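A.B. asks: What follows is each chain in one-letter form.
Number of protein chains: 2
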Amino acid sequence: MSLKPIADIGEFGLIEKIAAICAPTIKPASGVVEGIGDDCAVYEHSPSSVQVATTDILAEHQHFDLLTTPPHHLGSKAISVNVSDICAMNALPRYALISIAMPQNTPVEMVESLYNGMAHAAKLYGTALVGGDTSSSAAGIVISVTLIGETSKENLALRSGASPGDLICVTGALGGAAAGLKVLLREKRIMMDHVQNGEPYNRDIMNNLEEYTEAIQHQLLPSARVDIIEFFHKHQIVPTSMIDISDGLSSDLRHICQQSMVGARIEEGRIPILSQARHIADEFQEDALDYALGGGEDYQLLFTLKPDNFQAIVEHRDITVIGKITPKEEGMTLNDIYGMQIDMKEIRGFDHFT
Amino acid sequence: MSLKPIADIGEFGLIEKIAAICAPTIKPASGVVEGIGDDCAVYEHSPSSVQVATTDILAEHQHFDLLTTPPHHLGSKAISVNVSDICAMNALPRYALISIAMPQNTPVEMVESLYNGMAHAAKLYGTALVGGDTSSSAAGIVISVTLIGETSKENLALRSGASPGDLICVTGALGGAAAGLKVLLREKRIMMDHVQNGEPYNRDIMNNLEEYTEAIQHQLLPSARVDIIEFFHKHQIVPTSMIDISDGLSSDLRHICQQSMVGARIEEGRIPILSQARHIADEFQEDALDYALGGGEDYQLLFTLKPDNFQAIVEHRDITVIGKITPKEEGMTLNDIYGMQIDMKEIRGFDHFT
Chain A
1 MSLKPIADIG EFGLIEKIAA ICAPTIKPAS GVVEGIGDDC AVYEHSPSSV QVATTDILAE
61 HQHFDLLTTP PHHLGSKAIS VNVSDICAMN ALPRYALISI AMPQNTPVEM VESLYNGMAH
121 AAKLYGTALV GGDTSSSAAG IVISVTLIGE TSKENLALRS GASPGDLICV TGALGGAAAG
181 LKVLLREKRI MMDHVQNGEP YNRDIMNNLE EYTEAIQHQL LPSARVDIIE FFHKHQIVPT
241 SMIDISDGLS SDLRHICQQS MVGARIEEGR IPILSQARHI ADEFQEDALD YALGGGEDYQ
301 LLFTLKPDNF QAIVEHRDIT VIGKITPKEE GMTLNDIYGM QIDMKEIRGF DHFT
Chain B
1 MSLKPIADIG EFGLIEKIAA ICAPTIKPAS GVVEGIGDDC AVYEHSPSSV QVATTDILAE
61 HQHFDLLTTP PHHLGSKAIS VNVSDICAMN ALPRYALISI AMPQNTPVEM VESLYNGMAH
121 AAKLYGTALV GGDTSSSAAG IVISVTLIGE TSKENLALRS GASPGDLICV TGALGGAAAG
181 LKVLLREKRI MMDHVQNGEP YNRDIMNNLE EYTEAIQHQL LPSARVDIIE FFHKHQIVPT
241 SMIDISDGLS SDLRHICQQS MVGARIEEGR IPILSQARHI ADEFQEDALD YALGGGEDYQ
301 LLFTLKPDNF QAIVEHRDIT VIGKITPKEE GMTLNDIYGM QIDMKEIRGF DHFT
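Chain order of the listed sequences is A and B.
The UniProt record's numbering applies: residue 1 is where the first sequence begins, and numbers increase by one.
The UniProt record's numbering applies: residue 1 is where the second sequence begins, and numbers increase by one.
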């Protein structure tokens, strides 16, 4: 029998197969509103409210590198990326469970620093760290975070509710996380070369990273946009669809288009790009737009709104309208600054298995 | 600075430190009934009900070995051990989230088999597999399962409610999982020797394992005792305390005694031991009692009851009264079949880090 490696079908091919296997367990269960395929699972909580739940697994050498990530930051980021998934449902985070597997020789001080980072972030987001599991692992640290949040049934935002004419909006500025990673990986390479050449420890070989602070912070310490969700609830704004940008604007917009069965047209000139990301892209002779479209890890919110909500958001200095939802037949296009239409199907986001 | 490896403080030392770090996130949160320290976290669900949530992380080479565990069984066990934690709160399972990290060359067929095992078990327990995460890993497969269950406030059973005079009860028969593991590890050793000696594949070198079927099944396919929880609810029995036996009777009884601030006296002769575990122990020239007390992974329920509940359980053929809760000063003792009192402090359970 010849076996097929996951790399052949990719992350999304795998998720499709898993969703098909899990579907028969969902049908007989009462109260499941949304199973696999959105940022969170959704199930009924009370006649008027739903719970949303999400989980993320972070593996050393794949999602983080302790040579470039202080454990305190890693802990904070592990919470933030899950809170971000809760926000993407237009919900607020409530409870978190943390699992960790690590080698027996992991220093206690490192674990404490990791959990201090988690607790710090959890307090900021009003989330209680209520439980978890600890275990040994043969190779590297693996952290799994599960977050449970709540929202009213009217406020719930799925990926599937966008329709032609809706405005496409994004929060904050994009590209910073990818740019920050570029800089950190360059520093790591310099350090590793230094170590491999057997040179003595010398602080001066490290670059002064001050000019990259903002981008590095976007990479190491992203914030979940709980503030935006509170703004929505306060102003009774309910996005017709929403997702958080974890794989890159292009890939995450594609999820909205596929699940809403619509197309999209984006204006390149409107995409908010972190100014430091532009500087870093110049330094690496790359295009900051690629960081925004395909870099991922910005954890900003991408959402669609009925046009009559425009007045409610126009004053918010951290929300930008970048385009419009179109009929499905029109596909996903990007109008570049020279007026050319680019097919966004060609721009790939991050895939864990290919 | 000298750093202290986790092995120095052990699993329970580590959990204490983590609980202290997480405590400040729990205080300001409304509705948390029980944080870290029980089988599940507990938080308010409605004025009359609570939700219970648990998570487990399973790492290849630590918790499972694909040389001795078919992926379908592994999937089923991953669900069962978490459902067992839900049962230990006198609650019923509702929703599960699955995270998995695995190397890119993992065969798709293996992943499908794993999830089929999960879906099969989930259906048996009436649990919906509603979400999860997939990711690549540098070394080995890591599975994390989170389970959410529900129960009424009156039915909730914590570890901390036992008081002197309560009956100590256990479900099923113990020692089978540890005995089954003994047999599987012996088979693996024979197979590895064979492979290392460069001998050609030969089915006949494998033992006929038929006589060990029951013990191997306890190891590979443990069942969570949802049936016992349904029996409790039907007969309005509420254990004063409860835990599931994952680390061994001795270690898990110690958790109840510590958290209830009581002592315990167990009769060796009353401990139900799987008869096949006795046969296997004889073969290995070991004592099946050690498998029951320190072997773990039986996933039976250990609970305490007010004596006036005795009539309600005496007819149940799968519940055995094995002893009594005593005042704290009397410690934890085992009366052996010769009438000797043994201090149970000396009998250690499983610790991931020491």
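Among the hints, erroneous ones may be present.
Said to hold, decoys possible - DSS-like mimics (lysine-lysine), calculated; alpha carbons at most 25 angstroms apart, straight line:
(1) 306(B) with 27(A)
(2) 234(B) with 345(B)
(3) 234(B) with 17(B)
(4) 153(B) with 234(B)
(5) 4(B) with 27(B)
(6) 234(A) with 306(A)
(7) 234(B) with 123(A)
(8) 17(A) with 306(B)
(9) 123(A) with 123(B)
By construction, these hints were calculated from the structure, which means they are not laboratory data.
Just so you know, these numbers come straight off a predicted model, no measurement behind them.
A.B. asks: Has the given pair, residue 234(B) with residue 123(A), been kept, meaning a C-alpha gap of at most 25 angstroms?
C.D. replies: violated, 41 angstroms
A.B. asks: Against the 25 angstroms threshold, does the CA-CA distance of residue 4(B) and residue 27(B) hold or violate the hint?
C.D. replies: Since the Cα atoms of residue 4(B) and residue 27(B) sit roughly 29 angstroms apart, the hinted pair is violated (cutoff 25 angstroms).
A.B. asks: For a C-alpha distance cap of 25 angstroms, please report whether residue 17(A) and residue 306(B) respect it.
C.D. replies: violated, 49 angstroms
A.B. asks: Residue 234(B) and residue 17(B) were given as a pair; does the straight-line alpha-carbon distance stay at or below 25 angstroms?
C.D. replies: violated, 39 angstroms
A.B. asks: Given the hinted pair residue 153(B) and residue 234(B), is their alpha-carbon gap at most 25 angstroms?
C.D. replies: Roughly 16 angstroms separates the two Cα atoms, so the pair holds.
A.B. asks: Sort out whether residue 27(A) lies within 25 angstroms of residue 306(B), counting only the CA atoms.
C.D. replies: With a Cα-Cα distance of about 40 angstroms, the restraint between residue 306(B) and residue 27(A) is violated, given a limit of 25 angstroms.
A.B. asks: Sort out whether residue 123(B) lies within 25 angstroms of residue 123(A), counting only the CA atoms.
C.D. replies: Roughly 37 angstroms separates the two Cα atoms, so the pair is violated.
A.B. asks: Just to be careful, I want the Cα atoms of residue 234(B) and residue 345(B) compared with a cutoff of 25 angstroms; is the pair within it?
C.D. replies: violated, 36 angstroms
A.B. asks: Could you grab the alpha-carbon distance between residue 234(A) and residue 306(A) and see if it respects the 25 angstroms cut-off?
C.D. replies: Distance of about 17 angstroms is within 25 angstroms: holds.
The structure does not agree with the numbered hints 1, 2, 3, 5, 7, 8 and 9 stated previously, though it agrees with the rest.
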